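Peer 1: Chain by chain, the residues:
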Amino acid sequence: MSTTTVTPTSTTPDVVQENPVSHAVRAVGVQNLSLILAIAALVLVIGSRNSSFYLASNLKTIGMAVTISGLLAVVQTVVIIMGGIDLTVGSVAGLASVSSAMLFTHAGSTVSFVGALAIGAVCGLISGCIVVFGRVTPMIATLAGLIAFKGVAQLVSDGRAQGYTGADPFYIFLARGSVLGIPTLIWVLALVAALVHVMLRYTRIGRNIYAVGGNDTAARLSGIKINRYILGVFILAGVVAALAGILITARTGSGQPVSGSEGLEFQSITAAALGGVALRGGKGSMSGTILAVILLGILLNGMSLLGVNPFWQNVAQGSLLVAAVVIQQLRNGERRVGLPK
Amino acid sequence: MTEPDEVPRVSLQARGIAKSFAGVRALAGVDLDLPAGKVTALMGENGAGKSTLLKILTGDYQPDAGTIEIGGRVVSFAEPSDSRAAGVRVIAQEPEIVPFVSVAENIYLGALPGAGGAVSQRRLQDQARIDLARFGFDGLLDPRARGIDLSPAQRQMVEIVRALIDEPRVICFDEPTSSLSDTETTVLFRLIARLRDDGCAIGYVSHRLREIFEVADQVTVLRDGQLIGTRTISDTSESEVVRMMVGRDLSAMFERTSHEVGEVALELAGVCTDDVTDISMSVRRGEIVALAGLVGAGRTELALAISGDRPITSGTIKVGGVAQKFRSPADAIAAGIGLAPEERKADALVMVRSVRDNIALAVLGRLSRFGFVNRRAERELAATYISQLRIRTPSMSQLVQNLSGGNQQKVVLARWLAKQTDILVLDEPTRGVDVGAKAEIYAIIDELAGKGVAVLVISSELPEVLGLADRIVVMQDGRVTGELTRAEATEERILTLAIADHLSSEGVLP
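Line by line, the protein sequences are chains A and B.
Sequential numbering of the first sequence, starting at 0, is according to numbering that gives the first Met the number 0.
Sequential numbering of the second sequence, starting at 0, is according to numbering that gives the first Met the number 0.
With the rest of the complex left out, here is chain B (with noise of 0.2 Å):
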């Protein structure tokens, strides 16, 4: 990047900034400082406003009311190229990637430097590797790849570099380190504080509180489309800022309770398939193991062919003792096992169906008799467990859709414990769920866990994996690397399990 002192430093200032769809207020008059030189954090649970903001800031909402001023001078967006000229960018979560074109063609996507429309493939390669370098993220990214090769977090490097090429003076990500293993969030946070230094302002929206407070100077909380206050990091604790993200207090997260456990219910023994290797692993009834490594890590392919969705091209899978063979995830259902998949809203939900029929999903031919449902026992199942999961829905009957993400989770939930299965396999049950949902989803899983339902979690949060697991297992280039017990687990030890490898190989570590 350039000299810092030649760089103008500029700051972001918004105003009363107020937006409304279809008569739902989703910011009402909110401020926002980003100052050139600092990260602000900008936090808040699920629907209270964070991302209607961002849009507002690239142009793709416009404000009801209210000003942005960009280096005092009072600028508005009509779309996002508006906002783009005026050196904002925002840094999408999930990155739009061209599927079958290279590295170096997506980052430029739009501006493909050439002469009189030729592209010269090498100079686009060349210049790449530049970028890649110049932002540290050289070795990590090959500029040949095809954007369909990347991983989640190669997609987020691509996003990242398309965007600071063009040197935005004001800098937003959001959630960018979800789909990030810790390794990669290192690098991408020693990106953002060398960003900081050459006096950018910086917007971070992130729900994990750990990160904040180790990449932020300041924290910006919003609840129902209303800002809460602005605080120093160094003035304020996690407790504070959960206290104001949610509006009580959550003086603990969360707290196992022990319970007895049972037989085994689950046994894998050198289970293979085209992504995972020799995978031995067991979990019992009433235990809750997780499955920790890093991002493709194999280890939502193996709840995929667990749950009967992917083939097992050698070793076997048990359950309660017997050698099972499953052919499709009606088999493993029928054997006893669910699974929460890792998509949510691609994978699990059906978003126009209402909630009443998404708990009843798995359930249809118990609620039937002769093919037809029993709609007042469907009704009584669906309104025991949105009681029961505190299901915040204003009625059964709305849809899936217009739920926010810790429901959509509890729905899924509630459809598995409505079938009743003696396996539960949760991938990232927690994923995009605010604080509040956070906490009831893990007293979920463990009262399911206190009846004797054995449940294995795969999680990326290594804090939800030390307070919610009896036993981990963790998984490394589809391969079992370690297994540590509730006792033996640390965060170090868990991250030396998950990239030993990574270690002498690739020399990602600091």
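Extracted from the complex, chain A is given alone in its bound form (with noise of 0.2 Å):
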């Protein structure tokens, strides 16, 4: 660069010096933060009005509650830091719960466990397919499969739970043995989180999710099989919803189509919503959605301890994903103009 005259300019901004306390927030993030903040009030508040709230028998049914809907809601923000949204999983936990009940009655714990996880896979290859070959928008592809998913589970099933599984040492473990003395549910969400928060954080396949995420023409232009991604990612969403569907067959003892399952993949949405996760993709992380999944169980956990009546829970849930959104978006500085990007 000999020949060139530029000269490096001034405008190189200064490192701010910040104090310890900006420092600290900024660690740990603003979302995180004000959801840990929710949480105390939350507990605070809960436990006042009613002091079993702290007993650690509540503690541990708050842990075990949330354990479902948290490993869809774990996988649900993958899905979503990828720039999609996947409405199935609630649907596809029920037909995975009816298929393993099934499954175990014909052949055996083992076979039930693999063979519902498998069909977990498929129905996540299905939306995969749907949307990067059928160019059909997440949104309506897997709008369809939520509907078409809980119409096949009640077909294989006539629409009624199915087998008996509350024999089987296997599915005993998993509904109430424990390890350490914690819940075997509980180390399933644990290790779920874990895993997925090390492929995010750490691997190549996350970071290049988030590339996805955040502008799929780039990632395309530099190299990334996008298509790839997505099916990769739909499956990943269909065999963790199926694994939660194995839970509700060992906490109720058989196979439920609809019931334990319905509803899910909302709790899901809001969950990751609420803990920071961009709905335009490309921004989460899987520490707020996990705060977000501990503050939703202990609110409905406070909400039945309190008596106030369970048609309050679904309304509070709504409330809390529209804030959730409103938040993002007004410090997206979204103009109020027109239809929301």
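Please keep in mind that the hints were generated in silico from the structure rather than gathered at the bench.
All values derive from a computational prediction rather than experimental measurement.
For each residue, glycine too, the CB sits at the ideal point set by N, CA and C.
There's no promise every hint is true.
What the hints assert, rightly or not - Looking from chain B toward chain A, a few residues come up when the C-beta cut is under 8 Å (computed):
#1 I332
#2 P340
#3 A361
To be verified - Below, a list of computed lysine-lysine pairs in the DSSO-like style, where the Cα atoms sit at most 30 Å apart:
#4 B:K344 / A:K224
#5 B:K317 / B:K450
#6 A:K224 / B:K418
#7 B:K317 / B:K418
#8 B:K324 / A:K224
Hints in hand, dock the two standalone chains.
Peer 2: Here is the structure:
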């Protein structure tokens, strides 16, 4: 560059010295910090009204209650970061639940476990193919899947609970067992969340998922085979949803086509949005989602402890989703003109 | 337009305009005069505050301090409709066009003529035809064409007609020529001259110095949110304006170094796609070849085909003498071809991710072991290119969306430097980039060629083409119309090849 006359300018911004408090806030993130504060406030309010909230047994109840919706929230986070959305997760869990129970009756627990996961994978593959090859937006493709997979679950089960797994040691271990004093269910959620967290944060696959969600054209022109990522993420969503379905079977002792899984897609999206996952894709983290799952679990548990009419729970969840997204959009600086992007 | 003597001559005076966003000062007490019957160019590097100032004039933003006077009366714009009512219009750089309705409907959007809610398509078309002719766009724009089918230049024309039918007295153009070819620019400049002679006060924002000296009567320069000064065009020079803009002396914008040209790296033989026909050309190692032509000549489409993003219907692409069949950009990258696309924000950068992530995007494979990204290697890589390309960012974790246009472009270049591709295709690498960063980007391209990279540059700015290229391939309507060496090339020759057909058939040339 010897012949150029460009000189470095003095416009390089100086590094701003921060005080320790704002540094800590930056490290945890505003989003996570507000979730932690919200959880703390909720715990104080509920605990002051009903002291049995603090009982170890109740904490376990909360933990076990959030496992199933938590698993779906974890995988929904990945789908949304990639710029998609998966409304089928609840229905896939239901289909996997009846399938696992029916497979168990005929072929035992191993086949039922693996078989149900495989069915979840196939459901995810179908959604992914509709999106990639049919050019249908994930919202519409999985809305169709939401109703269609539910229909399949009802068809194979004739709409009734199937099988009985309540006497099988594997299913008993899943539902009521514990390792190191912590229930198996919570281990499952923790393990899946940790694996997905590591994938998102430390692997090439995870980083490319963020890139696809942030700008798919840029990702494609940088050599990322984005169709593979879309298919892969939908398959992952199907498998994890099926795992949640197996846990539903374990907890209830039989396969449930609809009850136990209906509406879980909604909770998973609420948790992801509350956790700060950008619904436009490209931004978000596992820690935020997990905190949001805990917040939702405590809220629902507290409402039933305090004897609130259960129908209010739906109203509360709906309000939370709207609040979470409104905050996101305001922080994005969305202009209040026309249909939002 | 109406008779000049009937029209009130109205000037705009802004005094002490200040505006901050979340504590960041965008404008610090700026004065701006747009006198009636004059074209005032507004110049400054990206981030100097030009856009903010324009948005205050349109009522999109409200200033924190300062006053605006129009024709001697103090006005305040709470929203865009107030500013329009006061006779101020800003012609947007990227106009909003409704895709599936006609040009005529797009022009009268929000004020469709008609009685009792019924719109007569025929009356609408006739009205549009009259208005288009009034502003000299007849023959360039069919009022029945749908919004989606318009070229960027035609979209710009729709926006101009939209603004002018209200007969505003203060008109600001925001980089109107960035999507126009030189011929279309000529038409625009004639229109601006007419508006000026009619007594309108005209503001003109542009990065193109040459244009300013052609169209403007005076130039006002902003830097870092402050007014640097106003000069009468006849009393100033390009170098003075540049000095005012950058606050430093750029005695020469850029000078090519000469280096050795090696064997053929990229060779196209009879390449056809849906948009281009029978393209044959080659780029050698260490050579910079420019693809010149008008907007819409098929250059971007050709770049996408070379980069594996558009299918080739016939013909061959050879890389290093080996014929290639690309099914995806990944294939082209594997063969050693990198593309920096025209639309940086839309097609090249992941705006919500960091500078580091964006630089490493194409080389994560190399930085990974067993699928895990080596974060230290990644940081080192990013740090290397941030300092080598002088990417101005507070840190490598800064989101790319917070960088200026020039620095964003450098991030894209850094990505391909990191990938070390043998062939680089750069589509309008300096569009929307300020003067200082432009020179730096030229130097980077020159240095790459010096290292033996084969560079294909698409550019609509003729001085850029002439300054940068060893050879110039000119395209028109999807075909190559000629090739010039650096020694043969002049602006006139390139333009002649780029518009050869238009000369006879459409007659848009002066």
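Peer 1: Take the hints in turn and mark each one as holding or not.
Peer 2: Quick rundown of the hints versus the structure:
no., hint, in the structure
1, I332, "holds (4 Å)"
2, P340, "holds (6 Å)"
3, A361, "holds (4 Å)"
4, B:K344 / A:K224, "holds (20 Å)"
5, B:K317 / B:K450, "holds (21 Å)"
6, A:K224 / B:K418, "holds (17 Å)"
7, B:K317 / B:K418, "holds (20 Å)"
8, B:K324 / A:K224, "holds (16 Å)"
In summary, the structure agrees with every hint in the numbered list given earlier.
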